[in-house]
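**Student:** Keeping the supplied structure of chain V fixed, place chain Z upon it in accordance with the hints.
Residue numbers (the working numbering), protein chains in the order written: chain V, 43 to 364; chain Z, 43 to 364.
These are computed hints drawn from the structure, not numbers from a lab.
Any given hint could turn out to be false.
[What the hints assert, rightly or not] Quick list of in silico lysine to any residue cross-link-like pairs, SDA-like style, CA-CA up to 25 Å:
{"#": "1", "chain 1": "Z", "residue 1": "K322", "chain 2": "V", "residue 2": "T194"}
{"#": "2", "chain 1": "V", "residue 1": "K284", "chain 2": "Z", "residue 2": "G212"}
{"#": "3", "chain 1": "V", "residue 1": "K191", "chain 2": "Z", "residue 2": "K269"}
{"#": "4", "chain 1": "Z", "residue 1": "K322", "chain 2": "V", "residue 2": "I124"}
{"#": "5", "chain 1": "Z", "residue 1": "K284", "chain 2": "V", "residue 2": "G218"}
{"#": "6", "chain 1": "Z", "residue 1": "K322", "chain 2": "V", "residue 2": "P244"}
{"#": "7", "chain 1": "Z", "residue 1": "K277", "chain 2": "V", "residue 2": "K93"}
{"#": "8", "chain 1": "Z", "residue 1": "K269", "chain 2": "Z", "residue 2": "T180"}
{"#": "9", "chain 1": "V", "residue 1": "K277", "chain 2": "Z", "residue 2": "D211"}
{"#": "10", "chain 1": "V", "residue 1": "K322", "chain 2": "V", "residue 2": "G254"}
{"#": "11", "chain 1": "Z", "residue 1": "K54", "chain 2": "Z", "residue 2": "G190"}
{"#": "12", "chain 1": "V", "residue 1": "K322", "chain 2": "Z", "residue 2": "I124"}
{"#": "13", "chain 1": "Z", "residue 1": "K54", "chain 2": "Z", "residue 2": "I124"}
{"#": "14", "chain 1": "V", "residue 1": "K93", "chain 2": "V", "residue 2": "K146"}
{"#": "15", "chain 1": "Z", "residue 1": "K54", "chain 2": "Z", "residue 2": "L102"}
{"#": "16", "chain 1": "V", "residue 1": "K277", "chain 2": "Z", "residue 2": "M332"}
{"#": "17", "chain 1": "Z", "residue 1": "K322", "chain 2": "V", "residue 2": "D220"}
{"#": "18", "chain 1": "Z", "residue 1": "K277", "chain 2": "V", "residue 2": "K284"}
{"#": "19", "chain 1": "Z", "residue 1": "K54", "chain 2": "Z", "residue 2": "T230"}
{"#": "20", "chain 1": "Z", "residue 1": "K191", "chain 2": "V", "residue 2": "G51"}
{"#": "21", "chain 1": "V", "residue 1": "K277", "chain 2": "Z", "residue 2": "H197"}
{"#": "22", "chain 1": "V", "residue 1": "K191", "chain 2": "Z", "residue 2": "P333"}
{"#": "23", "chain 1": "V", "residue 1": "K65", "chain 2": "V", "residue 2": "G51"}
{"#": "24", "chain 1": "V", "residue 1": "K97", "chain 2": "V", "residue 2": "E117"}
{"#": "25", "chain 1": "Z", "residue 1": "K146", "chain 2": "Z", "residue 2": "N118"}
{"#": "26", "chain 1": "V", "residue 1": "K191", "chain 2": "Z", "residue 2": "E257"}
{"#": "27", "chain 1": "V", "residue 1": "K54", "chain 2": "V", "residue 2": "V105"}
{"#": "28", "chain 1": "V", "residue 1": "K284", "chain 2": "Z", "residue 2": "H197"}
{"#": "29", "chain 1": "V", "residue 1": "K93", "chain 2": "V", "residue 2": "M357"}
{"#": "30", "chain 1": "V", "residue 1": "K322", "chain 2": "Z", "residue 2": "G212"}
{"#": "31", "chain 1": "V", "residue 1": "K191", "chain 2": "Z", "residue 2": "I213"}
{"#": "32", "chain 1": "Z", "residue 1": "K284", "chain 2": "Z", "residue 2": "C215"}
{"#": "33", "chain 1": "Z", "residue 1": "K269", "chain 2": "Z", "residue 2": "E300"}
{"#": "34", "chain 1": "Z", "residue 1": "K191", "chain 2": "V", "residue 2": "D220"}
{"#": "35", "chain 1": "V", "residue 1": "K284", "chain 2": "V", "residue 2": "D253"}
{"#": "36", "chain 1": "V", "residue 1": "K191", "chain 2": "Z", "residue 2": "K322"}
{"#": "37", "chain 1": "Z", "residue 1": "K191", "chain 2": "V", "residue 2": "D103"}
{"#": "38", "chain 1": "Z", "residue 1": "K146", "chain 2": "Z", "residue 2": "K191"}
{"#": "39", "chain 1": "Z", "residue 1": "K284", "chain 2": "V", "residue 2": "V210"}
2 protein chains.
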Amino acid sequence: MVYIGIDLGGTKIAAGITDGREKIIAQASAPTDAQRPYQEVVRDMAACSLKALEKAGIRLDDVGAIGVGIPGIAENVNGTVIFCTNLGWHNVPLREELRRHIDKPVFIDNDATVAGLAESIAGVSQGASSSVFLTLGTGVGGGIIINGKPWTGAHGVASELGHLTLEVDGIPCTCGKDGCLERYCSATALIRMAREAVSLHPDSLVLIRADGRPENIDGRVVIDCAKEGDPAAMKVFDRYTKYLALACNNVVSFLDPEVIVLGGGISNAGSFLLDAVREKLPRYLMFRTMPYSRLELAVLGNSAGMIGAALLGKMMVEENVL
Amino acid sequence: MVYIGIDLGGTKIAAGITDGREKIIAQASAPTDAQRPYQEVVRDMAACSLKALEKAGIRLDDVGAIGVGIPGIAENVNGTVIFCTNLGWHNVPLREELRRHIDKPVFIDNDATVAGLAESIAGVSQGASSSVFLTLGTGVGGGIIINGKPWTGAHGVASELGHLTLEVDGIPCTCGKDGCLERYCSATALIRMAREAVSLHPDSLVLIRADGRPENIDGRVVIDCAKEGDPAAMKVFDRYTKYLALACNNVVSFLDPEVIVLGGGISNAGSFLLDAVREKLPRYLMFRTMPYSRLELAVLGNSAGMIGAALLGKMMVEENVL
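Chain V extracted, bound-state conformation (with noise of 0.2 Å):
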């Protein structure tokens, strides 16, 4: 028995067949255009499930279930997506439109909260009861896992980890609150202080490798000059660790998961920001010496959406959801 996993985004569907753990057989993905009306994107994540089956060779009697990641909430029971912001989605039958392509189980849940499933059962917290995922990218997503299972909370709205308040009446955040967790601690809060820092230090290597637009700076050159010993570069990254170990302990002190595991763009830096943080976090945590949560890198990378939604689906038949 195979699984399809699909990870729909903003820009990208992407469809894979997967043996039900780490495995992708095969895949395929085509533009969102996310402006059509839902029926045209979920015919193209059908179109994509289909080709990827055929180019894995694999017959639709075997695949066991279809699983779904979205930039949003979903809810299982009815299998409707509730709100995907990014695709102007709000209360959209998915799984009955899907299934006027392909008549199979499909489940949905989060993008982060999939990936953070994919990684708990096939990457870094494999093995873990309980584990927390962040994904640190345009926003900040949070997957929690409890006894394995994903923790979507009793009315589906948990794991905005992104929208804790970690400064009242802080930086304006796009959720129509103010100091969001995930002003600080994205990609995006990374370039916003580095594009302040170069407008007070415009001798930064920053600038110069943005060639000379503050509008050209992104994750990975505010890391490569941190990297290389940029004074501005290296005190903005300074900062953005110590908020995001900051956001660490609020994971450690509210949940203390076995493993908390970072992902999305800004995790590419690799052992540069976790060392950071590892070094960091002790001296937020309330019981410093006591053991708490290991902190690691997602493994699975781009795959840990496709992953996770085919092992949701997978969970959910197993579990005789439907």
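**Tutor:** Below, chain Z without anything else, positioned relative to chain V:
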């Protein structure tokens, strides 16, 4: 079968004989006198338990287990109190010591955790599979119930909700960090804000009620004056309930439990507090049109510690943990 619940506080030991639900059949108490060697404190814990049993006219044979709630963290493999800052306890073999006096199974957990368990089985969050209990007292404690059971994390350091960061580099906390949530949401915080306010508004009713002495201001005075419409007190209360609403959003956006229970001294403000936080919380939520955790006041009062400790003992014995 009855269960003994011991609430070990910084100033008082309270032991109750319970029916394994919400009913306290008899109880007894003694001063903690925390400066003493722990052996003497534990001896008095046993003495209180036996006295309460005698009052209840119940034989030791009918006791199923002893549960203990402590203002600190414990582990139930060895039955050890790991930390209890108020008592100056560190790695105290509480189970072993207590069993010298009463040879019954002994289980230990944090006081906010057992109070949360009590509310979730016999109180306001009764029947909820997930709930979070917040004690608003000298500090802010947290108790987390997931799938009907206390969640203390993979390393026992979870549910320290008072030590999430609410303000980067904010008010210094007793824990050594800065800007912890309990520096904004505890009774101590409310009192601090009121003292600051009366220094600017010496004509405030708050200062009159405190006989002109800021050091006499307590939580009740501030809340009473706010209820009566004193402008300075109202402003302080408004700020305090804003912080508390932000704290509640942190709970919703992280765990989204069925119920959030407000307990501890400040919760005696009743509906005046609850209405204010309920009114403010929605503006801090990520998904403002979605259902979210029900916000309630604790109903078991000071007995929650005893009741919850006894429930912990019962639950652990029934699960055959030892």
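**Student:** Take the C-alpha atoms of V:K284 and V:D253, compute the straight-line distance between them, and say whether it is at most 25 Å.
**Tutor:** violated (28 Å)
**Student:** Between the alpha carbons of Z:K284 and V:G218, is the straight-line distance 25 Å or under?
**Tutor:** Holds - the C-alpha atoms of V:G218 and Z:K284 are around 16 Å apart, at most 25 Å.
**Student:** Has the given pair, Z:K322 with V:I124, been kept, meaning a C-alpha gap of at most 25 Å?
**Tutor:** holds (24 Å)
**Student:** Check the hint pairing V:K54 with V:V105 against an upper bound of 25 Å on the C-alpha distance.
**Tutor:** OK: V:K54 and V:V105 at ~23 Å, within 25 Å.
**Student:** Hinted pair, alpha-carbon criterion (25 Å max): V:K284, Z:G212. Please report holds or violated.
**Tutor:** Judged against 25 Å, a Cα distance of about 14 Å means the pair holds.
**Student:** Verify the proposed pairing of V:K191 with Z:K269, using a straight-line Cα cut of 25 Å.
**Tutor:** violated (46 Å)
**Student:** Is V:K191 close enough to Z:E257, meaning Cα to Cα at most 25 Å?
**Tutor:** Violated - the C-alpha atoms of Z:E257 and V:K191 are around 50 Å apart, more than 25 Å.
**Student:** For a C-alpha distance cap of 25 Å, please report whether Z:K54 and Z:I124 respect it.
**Tutor:** Holds, at about 20 Å.
**Student:** Below or equal to 25 Å on CA atoms is what counts here, so check Z:K269 against Z:T180.
**Tutor:** holds (22 Å)
**Student:** Does V:K93 lie within 25 Å of Z:K277 when you go C-alpha to C-alpha?
**Tutor:** violated (62 Å)
**Student:** Straight-line Cα separation of V:K93 and V:K146 no greater than 25 Å?
**Tutor:** holds (16 Å)
**Student:** Check the hint pairing Z:K146 with Z:K191 against an upper bound of 25 Å on the C-alpha distance.
**Tutor:** holds (22 Å)
Of the hints listed earlier, those the structure fails to meet are numbers 3, 6, 7, 10, 11, 16, 18, 20, 21, 24, 26, 31, 33, 34, 35, 36 and 37, in rising order.
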